[in-house]
Each structure stands twice: as structure tokens, then as C-alpha cells.
Amino acid sequence: MGIVLLAVPLLCLLVFFLHPLATVLVRSVTDANGAWTLANYGRLFDDPGLPRAASRSLAIGLATTLCTVSLGLCLAMALHRSRLPGKALIRGALLLPMLAPSLVLALGLVCLLGRNGLVHRLTGLPTDIYGFWGLLIANTLYGLPQVVIIVSAALGRTPARHYDAAESMGATPWRQFLDVTIPRLRFALLAAAFLVFTETLTDFGSAVVVGGSYRVLAVEIYGEVVGQLDFAMGATLGVVLLAPALLSVWLARLAKRRQDTGDASPGRTLVPARHPWRDVALGGISLLALLPLVGVVATVAYVSVVKLWPYDRTLTLANYIGGMPDGYGPVATSITMSLLAACAGVLLVFALSAGLRRAPPFIAKPAQLIASLPAAVPGLVLGLGYVLAFNHGPLSSWLYGSVAIVAACSLFHYHAQAFLTMQTGMRQVPEALDDAVAVSGGTTFHVLRDAVWPFAAPAAISTFFYLFMRSMVTLSGVIFLVTPELGLASVTVMRLDENGFLAQAAAYAMCVVLASALALGAMRLILHVLKDRRHVA
Amino acid sequence: MHLRIDDITKAWNGHTVLDGVSFDAGESEFVCLLGPSGCGKTTLLRIVAGLTAADTGRVILGGRDISALPARERRMGLVFQAYSLFPDMTAAANVGYPMRLRRDAPAKIAARCSELLERVGLGGLGARFPDELSGGQQQRVALARALATEPAMLLLDEPLSALDPAIRGQLRSEIRLLQRALGIPTIMVTHDQEEALAMADTIVCMNRGRIEQTGSPRDLYERPRSRFVAEFIGRANLLPTAFVREAMPGFLERRPPGDGATYELCLRPEDIVIESDPRGEAVIEDTVFLGNLARITLAWRGRKLLVEQPGRSALGRGEPVSVDALRGAWVCA
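So the protein lines, in turn, are chains F and Z. Just so you know, the first sequence maps onto residues 52 to 588 in my numbering. Just so you know, the second sequence maps onto residues -14 to 318 in my numbering.
Quick caveat, the hints were computed from the structure, so don't treat them as lab data. Careful, some of the hints might be misleading.
[Unchecked claim] Lysine to any residue pairs mimicking SDA-like chemistry, simulated, CA-CA at most 20 angstroms apart:
| hint | chain 1 | residue 1 | chain 2 | residue 2 |
| --- | --- | --- | --- | --- |
| 1 | F | K582 | Z | D73 |
| 2 | F | K582 | Z | R113 |
| 3 | F | K358 | F | P481 |
| 4 | F | K416 | F | R304 |
| 5 | F | K416 | Z | N(-2) |
| 6 | F | K582 | Z | N(-2) |
| 7 | Z | K289 | Z | T272 |
| 8 | F | K582 | Z | K289 |
| 9 | F | K582 | Z | D116 |
| 10 | F | K307 | F | A296 |
[Stated by the list, open to error] Not everything, but these chain F residues come out facing chain Z in the computed CB check (under 10 angstroms):
| hint | residue |
| --- | --- |
| 11 | Y353 |
| 12 | T494 |
| 13 | P505 |
| 14 | D583 |
[Stated by the list, open to error] The calculated label-pair distances, taken between Cβ atoms and stated as ranges, are:
| hint | chain 1 | residue 1 | chain 2 | residue 2 | range |
| --- | --- | --- | --- | --- | --- |
| 15 | Z | I45 | F | A410 | 27 to 37 angstroms |
| 16 | Z | N(-2) | F | R308 | 13 to 23 angstroms |
| 17 | Z | A137 | F | R212 | 43 to 53 angstroms |
Glycine included, each C-beta is placed from N, C-alpha and C at the ideal position.
Whole structure, please, built from the sequences with the hints as guidance.
Below you can see the structure in the form of C-alpha cells.
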């Protein structure tokens, strides 16, 4: 049974991830007749806009990384090394990007600071957020939580006694920060930086809403595929985007591996000392970072209950009741798709990590690599791969246009993180328990049910909700897979924004935020109840 | 049932863990696999249990070759060092687990569980969860669970190592008494030589994947055959042949034939007799008061000797003493 556990998820990875990816790679090196050629790469330079888009992607990636890592570091310090009141508010605000796709943040930014935005309407200031700065702000806000999580974990691993030792040797707080804190954060910061860089490089939602004429590579890919129907060009650009993403993710993993795993005995908990100026500074920076975040989401909420944005701002619920162009269909489809992705995903990922526990290295290592590879593949590239791979061929009539294929695309787009979460949960299972089941007369099924599940349950639940929430908000992975019959909420938001129906776009966006928030709440509740009822330490 | 281990070898990643290991364990015998970390004793236990497969060699139980049998069909009870109880099951449910897997009748399971819990001294605690039990109590539950299906053999993998020293001693004697009462053949892995001496009928002393010596605790203590065994079990003073020739020639006649470097004389600290003597060749370097005995370090003809005397010693630092030995054993160097 151990073989089946591994075989099914690996087969799915092969068919629904490696196969589409390979299709994109192949398409970039073949011409219309199917012959091998590198002409497509040559064509990249025919249009001066394309190399420019590539350098723009790099520029925005670097700028965002710089901003996000700096602000994220300050936020993490505010949470763990200060005596600021209201830390719960900081944590709460940092949840927002998880509930709202980058597209929604960009939408809010446009409504707030666009040419016709709220600020202009209220103060008369000529604001224009489209372009580099808007994109920078949207991407920075979106990337903050990731950085804070990674850096917080590293801060939590620094034992208090290191600070005690430094203090007793006469180090000032600033020196302690430089000599004790920063060295231990080196690799966490690097890992966070590479992850944010990858995320920004491959982001599509903000780029299409607030990028304006600052077209990045992701937008060009979309243009080639949907606008020009030039799949070869789209594939080629996709490969160009894939290369730095792969490198960046690989470097992030290296950095993560070099991170301190913490000392064996954590010792006493660190209580931050009294330093009012430090707290004021950190508090100020946190406000600077988080007020825009909250403000932007609040703006979207406001816009969704307004009659005709930005001209007629009377409050109304018309956008939610009867005012939606496609009705609640797209929202329902998004929810269905997300549930499908979450259910299938958690089963596959559970089976895979359970099967890999006792697998020999020559199977385990390649399997883990393939399972983690999706992190480096931009959603647009995977989506394009799905179009190329599944729109033609034997299963096309059955798969194309189905919710299942969209769910599959979303699931495998986020497979890497889901797998990582599940694996971490699997590590909680004591080895002796497996053996105890075996010696008591149990089969692999009994091992899974009695030894593995009690410890891995929280991770399985987290994975389920992670996949659900990501699928609710995903745009780049599914943008190529929607059809007139199959709408998704996130795509609908984008289309409505393109056509200027901002209020309705905001309404759909808030539906997504609400669904995600409910899911997050449900997850927290279930995990809490589970923790109470269980006797697992 | 009689257990026979026949020429087992095992290698991990090119590193030899077990190298041609063979021994026998008779009915009702309590065998200890004793050795330092990395000597292969746990691997050997796992091979007997069927959790790991040997590269070569056989495991024969009651005359039947069980080498190819998977762990779940071998009917052995296994107690681990720690963390082997199902956290979401009560103590009684844990004990009853093997029987539930075999689909025994619920009434029978319940009766047997309370009987076993009673036997290991946990009567009435069946409804508690593992996180509500102390370490010693958890190990008792583990023991009860191992015995639930009346196994052919009991295998213990350092069951006492994770416990407080105070509990260890008590549980040690309880395990031994239980094993004797049930008459079940048992193999226990331990790195604690005191445990092995106290509990075993036979000790299999292992080092680096090989068996150094097999025998009763007394055999291994009084007649160690190698330097390793002499030093691992109890304390030993090891004296080279040349030194013995000069200082204690009387022991030479029992030395096995062989050139100078092959054998050393092992003297146990309590077998060395010292007396205050102004013309004595040895000088006391240090005495340590340990309550019931005194541990004395001597300097004698350029060597240091460790001596133990019962009770309190009247000897002081720097005093000259004469040295003699009651008995000694020649060991392979």
C-alpha cells in the first residue's frame, strides 16, 4: 500500500504539473509546423517593448524586495522586540493580504489615489497612482506578511541568554541589535528577499490593474496569449520569466537551509527591555506600512457600497443585490473550484508526504524536488501550459472548460507550500509510534490512521484551508482557463475594472474577501477545538 | 520459545553496523544486549522484531526461520524508550490496541486490559490519557500493551533510559519480577552496565557491530575476556604483562601463552588489598568518601591504581601502603 500512496500523487504531479510545464517549454522552441527552432527567442528582440518589459519586471522586483524586506523587518521587530501596545492590531492588519488578492489591493489603491480617486475627489490634489509607484506600493503591501512571518520565526529562535550575555559584557541595545540579532537574521532575510522577489516578478493582478503603461513581463505574456493569440510568443516570454524565478526560489531554499535551527534548549523567554524611543520609531514605521494596507482594503469596501464610483457616492447595497453583471455565479464557481482544489490537494499532499516518510533517498529526493518545483513556476506559465496541454488531445472535450481543470491548475500552482506545510506536520509523528503499530499487527492503513493522523491532523487542516484561500484569490493561474460559461470571482474583478465598473468590481472583491475571511475563521476555530480536545502535546 | 540469531550482518550507507552476530536465547531467559552507542544493539533488536531486514543471516524462533516474516506477523511484544503510546487513546485503549487489531471480542479485550494494568501496577488508571501519566507510568502501559497478545518474546529497547534515576531502579526490579512470573523470553537493549548486571540472566556485550563476550553477569565481571569488556562492565585496573612480571609475579602462572603485548591483567578495585606499611612501595594519592565505600587512588611503580574499600578508610593522602590482590583475570588487550 505504501507504493500506492506515492504513486497516485506523483502521477498527478506528472500529468498536471510537469506535463503542462514541458508543453510550454516545447512550445517556445517549436514553430507553427512543429519543427524545432529558436526563432521565437529571436523574435523577443523584434519588439523593443519586450526587453523593456523584462527589465521593468526586474526593476520592480528589486525595488519591491528592498521596501518589503526593510518594512517587514521593522514590523517583525515591532512584534517581537518592542513593548508596543496593540500588537494584535498589527497581526490583524497583516492578515489582510491573505484574504485579498494583489488585484484587490491594486484596485483599492486606484480608487484611493487614482486620477479619479477618493483623495483627488476630496482634496483636489492631482493624484495619479498608475505606473511604477502604484505597482511598487501594491506589491510591497502584498509581500509584507510573508517577510514578517519568516523574520518572526527567526527572531523567535534567538535565545534570551545571548542578549543577557551581550548585556553583561556592556553592549548597548543598538550594538546588541547589530551583533546578536542581525547575524541570526541573515539567512532569514535572504530567504524572505528571494521569495518576495519571485512573487513580485511573477505577479499579474497588480500589474494589470495599477501598472498602467509600465508594462511588465507578466502583462506582456497575457497580451500575447489573449490579445494576439500568439501562444508561441507567450510560451517564450513565459520561459524568460521562469528562469529568474527558478534561480530565485533555489537561492531562497539555500538560504532557508543555512538558517539557524535554534539552540537545543530555548531557555527563558525574551522580554523586551524598556526603550521608549525604539518603540516610538518602530510604531511609526508600522503605522506607515500598515495604514495604507488597511486604508486600501477599507477603500474597496467603501467603493463596493457606492452607487456610481466615483461620481455618485451615495451609499447603496445595489451592487450586491441585483447589481452584479453576472450575478453570484462567479463567486459560487470560485468557491466550488476552491473546495475542489482544497479537497483533492490535501488528499494528494497527505498521501505524498506520508508515503515519503520511509522512502529510500533515491525516491525521496527527486519526489521532494518535483513537489517543491511549483513554487518557482509563475501562475501565468502554468495556466498557459494547461491551455496548450489540455485544450487539444484526447481528454480536451472533457477537461477544457470544466471546474476540475481550473481546480487542478490552482492546486498545483500552490502545491509547493501545501506540501511543505504537510511535511512539517508529518515530522511531528514520533517514529516509535509507527513501529508500535507494526509490531501490534497493523498494516500501512493502521499506521496512517492510528499513528500518523493524530499528529498530522492540524497540518492537514491548515493545508486544506491554505489551498482553499489561495484558490479563492488566485488570478494568474486561472486567467487563461476561464470561459464564457465558467467565470471566476477574481477574473470578474479584473474584467470589471478593465471596463471601468469599479463599484461592481469592488463588490465582487469584497465577496472574495468575505469568503476568505470566513474560511480563515473556520480554520482557526477547528484548530483551536482540535487542540483543546487532543492530548497530543 | 528458543531464539537463535545466526550470523547476522547489516550495513547502512557502506558502514557496517552488524558484523556476523550470532547468539542463543533460551526459554524464559532474560538476555541483555549491552554496549556503547553505535555498537549495533538496537539494530539487532529491530532485526529480531522484523522492523529492519538483515543483509545476511537468519532469525530462528522455536525452530522456525522467521527472517522473512514482516513485523506484524511475528507476535513479539516491543517496548520502546519513549513516545510510543497513542496520545489520543486512554491507557486501557492503548493496551487493548493489538487485540482490537486482531478483532478479539470486546468483553475479552476489556477483561485482559484491566488484568494487565493490574499486573503492571496501574490498576484503576485505565481511563487516563498518556499525557496524564508520569514517564514511569507510561512505560508500564507500554509494557502492558506489549504483553497484551501473549507474545512469544518480549523485546525492550532501553525502556528505562528516559526515566528519572529514582523511578528507574524501581521499574527495573518490577520488570524483572514480571518477566520471571510470566516466564517469557526477553531481550533488553541497554547501555547501562549496572542495569544489565542487575537484570540479566545472560549478557551479550557488544562493541562496533561484534559480540565481545556472552555470559552470565558474574562471568563477564569476574572473567572478562577482553579489555573492552573489562572496562565497560565495572571498573578495572589493567596492568601490562611486563608490569605484572615485576610487581605481582604470582599471577604470571595463570597467564595464557602468547607474547608480551597480547594480555593484560585485570584487577577489580575491590579485589586489591592495601595495608599501611612504612616500607610499602605504593603511595596513596587521593581518597574519596562515598558513604558506604571509599575510593582510593594509588601511585605504584609509576602506575595509578584504583582501589575500593568497604566502609570508611583510615588511610590518608601520602601514606605508604603495601599492595596485594585477591584475584585477577587475564584479558586480551
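Results of checking the hints against the structure:
1. Taking the CA atoms of F:K582 and Z:D73, the gap is near 12 angstroms; set against the 20 angstroms cutoff, the hint holds.
2. For the hint pairing F:K582 with Z:R113, the CA-to-CA distance comes to about 18 angstroms; that is within 20 angstroms, so the pair holds.
3. For a cut-off of 20 angstroms, the pair hint linking F:K358 to F:P481 is broken: about 58 angstroms separates their Cα positions.
4. For the proposed pair F:K416 and F:R304, the alpha carbon gap of about 14 angstroms is at most 20 angstroms, so the pair holds.
5. The hinted pair formed by F:K416 and Z:N(-2) meets the criterion: a straight-line CA distance of about 16 angstroms does not exceed 20 angstroms.
6. With a C-alpha separation of about 40 angstroms, the suggested pair F:K582 and Z:N(-2) falls outside the 20 angstroms cut-off, and the hint is violated.
7. The hinted pair formed by Z:K289 and Z:T272 meets the criterion: a straight-line CA distance of about 13 angstroms does not exceed 20 angstroms.
8. Note on F:K582 and Z:K289: the hinted pairing is violated, with a Cα-Cα distance of about 60 angstroms set against a maximum of 20 angstroms.
9. Taken as a hint, the F:K582 and Z:D116 pair is honoured in the structure, with Cα atoms around 13 angstroms apart against an allowance of 20 angstroms.
10. Taking the CA atoms of F:K307 and F:A296, the gap is about 16 angstroms. The hint holds against a cut of 20 angstroms.
11. For F:Y353, the interface hint is violated, since its Cβ never comes within 10 angstroms of a Cβ in chain Z; the closest pair sits about 48 angstroms apart.
12. For F:T494, the shortest C-beta to C-beta distance to chain Z is roughly 7 angstroms, which falls under 10 angstroms, so the interface hint holds.
13. Taken as an interface hint, F:P505 checks out: its beta carbon lies about 5 angstroms from the nearest beta carbon of chain Z, inside 10 angstroms.
14. A least Cβ separation of about 13 angstroms between F:D583 and chain Z goes past the 10 angstroms threshold, and the interface hint is therefore violated.
15. The supplied range of 27 to 37 angstroms is met by Z:I45 and F:A410, whose beta-carbon atoms lie about 31 angstroms from each other.
16. The hinted window of 13 to 23 angstroms between Z:N(-2) and F:R308 holds, with their beta carbons roughly 21 angstroms apart.
17. Between Z:A137 and F:R212 the CB atoms are about 51 angstroms apart, so this pair conforms to the stated range of 43 to 53 angstroms.
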